[in-house]
Each structure stands twice: as C-alpha cells, then as structure tokens.
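Using the hints, put the two chains back together into the complex; each one sits in its own frame.
Order-wise, the sequence lines are chains E and Z. In this text, residue positions in the first sequence follow the numbering used here: the first is 1, and each later residue adds one. In this text, residue positions in the second sequence follow the numbering used here: the first is 356, and each later residue adds one.
It is worth saying that the hints were derived from the structure and are not from the lab. Check before you lean on any hint, since a few could be wrong.
Here are the simulated distance ranges between beta carbons [said to hold, decoys possible]: (1) E:K239 / Z:P518: 51 to 59 Å; (2) E:T232 / Z:R689: 42 to 50 Å; (3) Z:P595 / E:E28: 44 to 52 Å; (4) Z:A679 / E:D283: 53 to 61 Å.
Glycine residues also receive a C-beta, built at the ideal position from the N, C-alpha and C atoms.
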Amino acid sequence: MTELLYSDVEEELRASVRSLLADRAGFEAVLTRIESAEPVDLKLWRALAVDLGVAGLPVPEADGGAGASWRETAVVLEELGRSVAPVPFLGNSVLAVAALLGSGDPLLDALAAGSRTATLAVPLSAHQAGNWTVTADSDKLDGTVTSVVDAGSAEVLLVPTAAGLYAVDAADAERAPVVSFDLTRPLTDVTLRGVTGRLVSADATAAVGRALTAGAALLASEQLGVAEWCLTTTVEYVKTRRQFARQIGSYQAVKHRLADLWVSVTEARAVARYAADCLATGDPDLPVAAAVAQAFCSPVAVKAAEECVQLHGGIGFTWEHPAHLYLKRARSDAASLGSAAAHRAALAGLVKLPA
Amino acid sequence: MKPADLAKEFLAAHDPNALDPLDFLRARFDAGLAWVQFPEGLGGLGLPREEQAGVEEVFAAAGAPDNNPRRIGIGLGMAAPTILRHGTDEQRRRWLRPLWTGEEVWCQLFSEPGAGSDLAGLATRAVRASDSDGDGWVVDGQKVWTSMAHEARWAILIARTDPAVPKHRGITYFVLDMTAPGVEVRPLRQATGEAEFNEVFLTGVRIPDTDRLGAVGEGWAVAQTTLMNERVAIGGGAAPREGGVIGVVADLWRERPELRTPALHDALLRLWVDAEAARLTGTRLRQQLAVGQPGPEGSAGKLLFARLNQEISGLELDLLGEEALRHDEWTMRRPTVVDFAGRTAGYRYLRAKGNSIEGGTSEILRNIVAERVLGLPPEHRLDKDVAWKDLPK
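Next comes chain Z alone, as it looks inside the complex (with noise of 0.2 Å):
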C-alpha cells in the first residue's frame, strides 16, 4: 500500500476532531507516518523521502494537528538526522518520539564567541568525570547565536575533549539536558531590536556518558551530518515569481506610483531581473535532485538569497523617501520565526544583514565555492597539525 494510502487508513482510525492533538501525533509516529524515510518503530516505514509529500498532504487535507514544524526545525532538521545516523538504538528510542511530535524543542549549541567561520576553533571544554553519579562528563563554556533555547529541552552540543590534539580531531558531540543546573539562557538582543537568538552559559553541566554521539573524538565528522542538513533543510520548496521580498517591493512600487523616479525605476527593475534568474536558479537545482543529479548550484542559493535580501530591502528604503527616517518600533521580543514579509522595510533593511552572516558567511561560502566547485587552491592553514592548546588565541 502507497503510504499517502496508510495515512488515509490511519485517518479512518484516528479521527483528528475527537483526539487530543498530541495523543493524535504520538499515534501517526507509531504508525511510521511521521518521516517516512525513518526505519520502522522510529516513525518511518524504511522508504524514499519523497514519498513523504503524499502523506502530508493527505494530512493537510483532512485539517490533522501538525507538529508545527517552523517551530522545532532544528531538531527535526538537523538534530533528527543526527540522532539517527550517529546514536545507539537507546538514544533513537528516547528522543525520536517527542522531537518529531514537538513535546521537546531542540536547540544547537555549537557556534561560540570565539568559534565563528572556525566552528572547530570551539574552546567549550568537557571534561571526563566519573564519580558516584555514574561515568559522564562536565562541560564549561560559553555558546551564541542559539535559536529556540529559551524554549528547548534538549540540545546537540559539541565540546572539546582533548586539547592536545589539532582542533578537528579533539571534539566530542553529545546531547545537553537544557534543564541541567549550569546551563543559563540569555537572550541576545540583535539590530532589529529582538531577540530570535540566545547565548547560552555553561557552568560545571554534567552530562551523562550515556547522552553522548558517536565515539570520544569523533565529534567533528558527527556535526557534519548536522550541518550537511541544515544545508538541506535551507533549500526550500519551489517558489513563484515575485514570491520573495521582492514581491513586497514590486507591490510597494505599484501601489505607490508618488514614490517613483526613472533612476529608482531601473534599480527595481534589474533586482526584478536578478530575483527572477535566481529562482530560475532554484528551480533548476531542484530538477537536478528530482532526478538524482545533485549539482554544485546549492552552494550558489545562499550567497544569492543573502545578496538579493540586502540589496532588496535597501532599495525599499530608498523608495520610502521620509518614512525610512521612521520605525515602527523597538521592542524587545522574542519571534520563534523570521517573518519579512509582515513587517517593516527597517526591518527587512535590517534582518537582511544577518543573512551573509548566519549559516555560513559569504567570505566562506566564495571559499567553497572556489575550492570545492572550481578546484582553485585552499587557503593557506596553519592551524592543521597543530594541537589545539597551542593555537595562538
């Protein structure tokens, strides 16, 4: 039977009206209609991911509860596939469940103060302490730019473990009880004048053998299967024309024909230009993966999207003449999502300079794509072999 089948036998059973919305995701998790390409008993049935589309709609369809997924997307995006590849069978049972049903958010503790483009330049230490508590670890440090910990149970967690190594090779990944004593959440005040991000400070945090992923050591390779979703999971779906902030502009421009002047006329029509080539972009890319060619493009989706927004959103401002002096306001909050589209263009102006920053800068993404891609020489390092204790700070 095709699974978007299963889904509407498992409907037959479990009415969405009359179930309480949690009861009703526990039971389409057992049923292995949560993730489809999941094994069977973590929420799948062992099949290709595109076959999860078909359930979801039939789901939609029906008005099911949904586990709001713009709301735990690191752990469903990148905590989840983690879990899977990298944790023992204990571990899947454990957390799988109440991840995919959103019961438990999940935060990603990795970037640092210090740790940046050099994510494995992180200095958070864990250290070995088996006592009458059991064999585990005590971590220290400090951690940024973490969406969701104000509201996460758990989080994945990279710490150093052997200083005397070279960097890479000296991590550990593990997974963080959010509840733990020693672990404080501060809200990080960004431009826009909210706070979607946390710092995250980690005083004496025991953790439990028994929580960490993959073997001592190891962590560097295990956060790649993190990150290598976290690439995939920012892909997105297909959009239409003017589907991005350009379209908010191209609106402002038609609604509002007291703002026009011919040099703002052409500046809006060649981003119009650039949007559209970068969606045809998108679409090609996609193409590719639907027909198992992943191709290099993906890497080029970023730096356009962060390029675009900036250059976007600033002409919008241009285009608002006397009302870019002004603001809505400057309260401090807490979104969960990033919204440009309902909000402010100061907003946009503004949340838009985070995107060559956030995921990856685009320094960092032109080195990419320059030595992976175009085969060009990598840069020069001198932080290779050299133990990480001994890398000048």
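If we strip away everything but chain E, and leave its shape as in the complex, we get (with noise of 0.2 Å):
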C-alpha cells in the first residue's frame, strides 16, 4: 500500500535540515546573498552534501550513495522549499541523479558524495523530452540551452542530443546568467561551441523523460513547503496584527480564507506524499501521480504566497518582508516541470479523458 505519512527516519532528516537551513539561511542572510556576485550559497551547499550528505540520497549504496529513497528527497524539497535558501539541489540532486540513476555512470558516485554537482541542460519549463537544441557530431557538441537550473554553479552539465545524453565540462561552456523571476533560483543560458562530452546514455529521450518525471512529482514537495511556510507565517501574522482595536485574524473574511487555505495544503501534502511515494517505489501509478502533483500543487503554493502578501498587507508589498521571495518561488514553480494547465492535459491521456 502507498504509504502517505511520514516515517521516523524521515522526520529526523527533516529536523536536521531546517535546524541547518534556520541557522544558514535565514530571511536577511537570503535576501543579501540573491543581490550579491554569489547568488548560490555554496558553504550551505557543501553543508547539505557533503555534511548531511543528501545530495543523492536515492543513489544505492552500490553506487556511493546513502540508499535512501525519492522519498527523503521529497523531504529535503520541502525544507528547501520552506526556506527558499539558493542551493542548486533541485539541478544537481533531482534532476542530475534522476537522468543518471540505473546509469551505472561513475559521475552518480561522485554526486552523491556531494564531490560533484552536476544539473541536466534543458530549459526548467521542460515538460517532455525531445526537441533536443542542441546536437552532437563524434561527440562535438554544438547549441544553445536556454534557462537552465543551477548551471551557473554546476561542474557537469548532462547535455541531451538527439544521438544520447551527454557529460560535459561546465567549464567548457559559454554560461550567461539570467536574471530570473525567482532570485533565489538563478538559471542560465548556455551554449556549446564545438565541446567535447563523453556519451553517458545512448537514449536521452528516456533519461531525460525520467528525471522530468521525477522533477515534476518532487518539485510537488517543494511546493508544499513553500505554500506551508506561508500559511504558518501568515496565520501568526494575523494574530499580531491589530486594527480597528481586534487582532486581524478575528475577523471572519480573514479566517475563512485561511481555513480554506489550510484544506489546500492538507490536500497537497497527501497529493506530494503520493507522488514521492509512487516515485520512489517504482509505482506504475507514477505518471498519473507526477501529472496530479503538478496539476494541485503548483496553483496550491501560488495562492499561499499571493494570501500571504495580501493578508499582510502594505509590509507583505515590501523588499525588506520574505512574502515576495515567496510568491517569486512559487510562480517559478508553477513555470517549472510543466504548467498545471500542461499536466492536465498529459492527465487527459493517462485517464482515459480525451480533449
């Protein structure tokens, strides 16, 4: 049976990482990094992967790994997710791992120690594999990939073509930085003249497939944290607040809103939990699974960040207030993996409800 809570051992990995990520990446240590020359935390980065050691937790043993589960993953996600801290986990340690997993390729080891990262050249709004920009001549690479996750920060990049899945130095690419909607969560464009990549899967159609599969029912978890951190904060918030001499949260236009927000995130933890779960199990279910957690929670994280400005009011408009590193996070999201209105046509196929 899917098993939809949270099991012990995954409790205490939460605890670890948001007792690092409280200490390492609070608000005003955030928002003056995502302004400065290093908008990626790599101190916390090497903390998480190397200390922790979650980089690659669903790597097997075999191959170096901890020989956790997606289910741990998920776990991270929504610490990362609660505290919007820029670490490029989501390239290097969803979907890097995913396109490599079952590879046998040396670079997972590498990986999950955490010695490596490593993030997949595709743009992050990627939904299906294929229309590859970018192509491969005796291993000579030549294009352009726009918008990619954590390439800024990234020694490896997996470069799909349409004659395989390519390993290629980070170093030998031309990155140009974007300025990305969601600062914490810098993207680049980057483009390959002529470089050398070493071959790791002659079918970058399935591993690329895979690690979109992946990245859509993990990101669900991320989700969850973000939409999480802003209804705690936004309900403690409105017990402070006072006007017209009563707290703000006693009136009812405010309670009921964020009851009604509480159900949605009640609901999107069962729909994440869900997603990871059949992910990490190998479910059959799990394209279904990945399409639902995508399709619920992206519009779930979306309206927690837009209440969480509008019930702060004039402060939650504000730069010096978390909310808009938020709703920037929660936007990205929606953008990323797959928009919810894509995931819900890939449903249409899977259940059998044709257009």
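Okay, structure coming up:
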C-alpha cells in the first residue's frame, strides 16, 4: 500500500535539514545573498551535500550513495521550499541524479558524495523530453539551451542530443546568467560551440523523460514547503496585527480564507507524498501521480503566496519582508517542469478523458 | 480465540439459511458479535473496534442476514454510543439490542427552525411534571431535518429544561418514544422534490424521567458524544479513484464525445485532479487514524466533499446542454438513503446543495478549522454568559 505518512527516519532528516537552514539560510542572509555576486550559497550547499549527505539520497549504496529513496529527497525539498535557500539541489540532486540513476555512470557516485555537482541542461520549463536544441557530431556538441537551472554553479552539464545524453565539463560551455524571476533560483543560458562531451546514455529521451517525471513528482514537495511557510507565517501575523482594536485574524473574512488555505495545504501534503512514494517504489501509477502533483500543488503554492502577500497588507508588498521571495518561488515553480495546464493535458491521455 | 474465529464458530451453530433473520441477529448480538468494541452482555466483547472488520467479513462471506446498517445508521452511529456512554445499565439493556437488530429504528431530534448552526440556542421546552404517572417531563416544541422520523420507534432528543441559565447549561438529553401521544411527524419536502427528512411537532408529550440520558442540565455535554460519533460515521471507508460523482461525469465524458468542448475539457480535468487530491487526503487521514495519530485533517473532509460534489454536479449540467433543461420527475418520494450515482444529473446538482448545509455548514466548519486548527481568535460571542430567556430572538 502506498505510504502517505512520514517515517521516523524522514522526520529526523527533516529536523536536521531544518536546523541547518534555520541557522544558515535565514531571510536576511538569503536576501543579502541573492543580490550579491555569488547568488548561490556554496558553503551551505557543502554542508547539505557533504555534512548531511543529502545530495544523492536515492543513489544505491553500491553506487556510492546513501541507499535512501526519493521519499527522503522529497522531505529535503519541503524544507528547502520553506526556506527558499539558494542551493543547487533541484538541478543536481533531483534532475541530474534522476537522469543518471540506473546508468551505473561513475559521475553518480561523485554527485552522491557531494564531491561534484551537475545539472540537466534543459529549460527549467520543460515538460516532455525531446526537441533538443544541441546537436552532437562525433561527440562534439553545438547549440544553446536556455533557462537551465543551477548551471551557473554546476561542474558538469548533462546535455541531451539526438545522439544521446552527454556529460560536458561546464567550464567548456559559455554560461550567460539570466535575470531570473525567482532570485533564489538562478538560471543560465548555456551555449556549446564544438565542445567535447562524454556519452553517458545513448537514449537521451528516456533519461530526460525519467528526470522530468521525477522532477514533476518531487517539485510538489517543494511547493508544499513554500505553501506551508506562507500559511504558517500568515497565521502568526494575523494573530499579532491589530486594526480597529482587534486582531485582524478575528475577522471572518480573514479566518475563512486561511481555513480554506489550510484545507488546500492539507490536500497538497497527501498529493505530494503520494507522488514521492510512487517515484520511490516504481509504482506504475507514477505518471498519473506526477501529473496530479503538478496540476494540484502548483496552484496551491501560488495561492498560498498570494494570500500571504495580501493578508500581510502593506508590509507584505515590501522588499524587506520575505513574502515576495515565496511569491516568486511559487510562480517560478508553477512555470517549472510543466505548467499545471500542461500536466492536466497530459493527464487527459493518461486517464482516458480525451479532448 | 480471535473474534473472526468466534464468528465462524457461531455460524456453525446458527445456520443463517435456516433461522429467521431476526432470530439470527438477536443470537448474534447475544454472542457478542454485533459490535465487538461494546462490553460483554451488550452485543460486544470489549475488544478494539478494529476487530469488527474481520467479524463482518465472516458473516458477509456466509451470506448471513445483516441489520441493514444504512437504514438504522442514526441508531448505530449516534444513539448507541451515547446510550453506552451516558445511559444506566437498565437503559442500555432495554435499548441497545433492538437498536442493533433493526427491530427499532432511531431518529435524532436536535435541529430546530430557530436553532441550526446555533444548536445550543434550541427552544423546545421540557418541564418537570410529576403526577399520578410518576416522575416525568412534558415536552413542547418543533424539531426539523429529522431523517427516519416517520419510521422511528425512538428518538434522541435535546430540550431546554432551564431557560434562566446561559444556553449551554440549560439543556437536558432524553430518549423519546415516537409513538407517544402528542408526537406529530410531517414530511419535509426538499428542493429535489422528495422528502428524506421530516418536521416533528411535539405538543404536551410526556417523557418518563427514567428515559433521561445523563443529568438534568448536562444535555449539551451528552450531545457532544452524539455529534462526535456523527463525524466518525461520516468519515467513511477508502474510496477508489473516480469513486464519487466525478466517476459518473468522467464516464459521461467518455461515452458522449458529442458533448465535448475545449473549455469543458479543462474544467473536467481540474475537477478530476481536485477529486483525486481529496481522495488521497482521505487515504492519508485513514493512515493516520490507523497508527493512532488522529490529525485535524478530518475537518477538511466535509468542506472538500461539499464543494466537490457541488462543482462536479454543476459541470455535469453544463456538459449536458439541452438535456439539462429536462428532468425525470418531481414525484414526492420518501427515500431512506441518498443515492448520488443512481439518479439523474439534475438530482445530483440539487441534492449536492444540501452538502454544505447539513451536518455543519461550510461557514461553521471554516470557523472550526480557523479556531481549533489554526488557533485564530474565536468569534465574538454575545450569548455566552446571558440567560437563554434574555437572548434576543
């Protein structure tokens, strides 16, 4: 049976990650960093990847990994969503690991150990594998991929082409930073001009397809974390803010909106857990679970962030308050790895409700 | 011996095909296999509630007669746990056995025309009247939304016994004999054209004091047992994907390509996703209950169910086009169960409107979530410390 609760081990992992992030990725630190020359917090990343060892949780112990599962990865994503910490977890520990998992490629070992970082060179908005914009001719790669997540800090780029999936030394690529809508998630336009790649998989469509499905299934957990932070923070705020000599949280117009949001977040948790469990166990329902996860959790995270801004009033609209970072993350997530609408369209085929 | 094995042993001694169904059920009650969580001698074995499922499987597999649980749901789900918790030994012995066998149907006399969400504001009066018939009460008032009142032998009733104290403190809980003089039951026809419910008029109805449950003035606390068990009963079992009204509409979409439009397609998929999310939420809640961590997720269930049923049944009418102009019939009937899947789209749409009103309105449920789950400030209350008789009406 699908297990939708958190195990004790998962709760312990959550506590470690939360404690680290509370210590190292508080709002002030994040706000300062995202406008600095080094928007990615590589020291924090090393603490996560090396000290806590969460960079390659589903990688089998035989391949040098932790031998945990995607379920634990999902718990880490919940916590990263709560803190919007600028670390390259999505590109490295979700997309790159998922693309390599099962290939036996030695890079997997290095990613799991946190000794190297990689990302998958597809636009972060990608929903389905294919339409590659890079060509390979005798292992020489040419072309451009736009809006690649975590490519600025990655040492290795996994580049899909019609001839297969290639590993490329990131230093050989031209990497143009993008001004990203979500400042805590830097994007890069990657251009390859005759760069030599190492073939890691002859079937890029299959490898990238697996990575995108895993990404969609797991991004829901990050969206859950974003939504939970927004709900919790807003509930606390409306208990303290007074207008007309009353806590604003005593007005039904406010209470009912937050009650509805709590219901949505409660649902999002069940949906995200289901997707993570299907991914972890190789459940044949995974394609449906991943599509439902994105179709449901994307709008919940956006709604939570929008309610957070609105119910904070003026302060919620300022740069000094964290709400805008969560709004940007929620909106960015909604456009990542397939929109809710794209996943609904995919679902139509999966559950036989044709247009 | 496991209760399921006891059930097999019982079946070996009581042939369900040879015995009169009622005799079979009475014997099953006496063997403690009615509800194993109840005490011995009262239809149970004093075992955990979870053990009952195995017993039910054994009896179902043998094709044994059942007590038609949907027909007597109010007795099983609400009256019985309240009688067990608050009743005297004599009351338990007198009422529980025929309640469980279905010989005696029960109904619930709580809501009133002037006391819906504000149930504790109820106005039905019970006045102490000790006379030649013994110690008792005389009840006058009107109750509403009473399922099964027209078939019921007994009712659980809350009435005001002291108007001079604040509303929660002046209520007493009774069991009412529905055949007593002065009880009048009238069908309450609803928007669907049928009458699942009744209005019950009580005029000078006499209740012996021995039919009081709990102490005088403690009726509100006793009623909490009833209402809490109502929520447990509504919780329900595991639903399959497309198990609810969404399945009906999904099948309609599959079978009738001529009804499809792009806008309706996306609307359907949105609701399909919402229904699946609600289903997974219910599954997760049951997993929490199974490991003994009852979470507040239960409060979400009814809000979700009401909204989904309404939106999905509305979409079904949108989808049907010209057929949505027509209806099968408006005959006044007296259904004993609500059957969403077995009726027309128009019925589903209309009946779903009740889902956000019955058993706690969605507005009250949002208050409950906001206050008990999120810890937001309670509603301003003007009625808490005022004698009921002095409240504006």
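Hints, verified against the model:
About 37 Å separates the C-beta atoms of K239 (chain E) and P518 (chain Z), a value inconsistent with the hinted range of 51 to 59 Å. Look at T232 (chain E) against R689 (chain Z): about 49 Å separates their beta carbons, and that is inside 42 to 50 Å. For the pair P595 (chain Z) and E28 (chain E), the supplied restraint of 44 to 52 Å holds, since their beta-carbon distance comes to about 49 Å. Distance hint check for A679 (chain Z) and D283 (chain E): the Cβ-Cβ separation is about 39 Å, which falls outside the suggested range of 53 to 61 Å.
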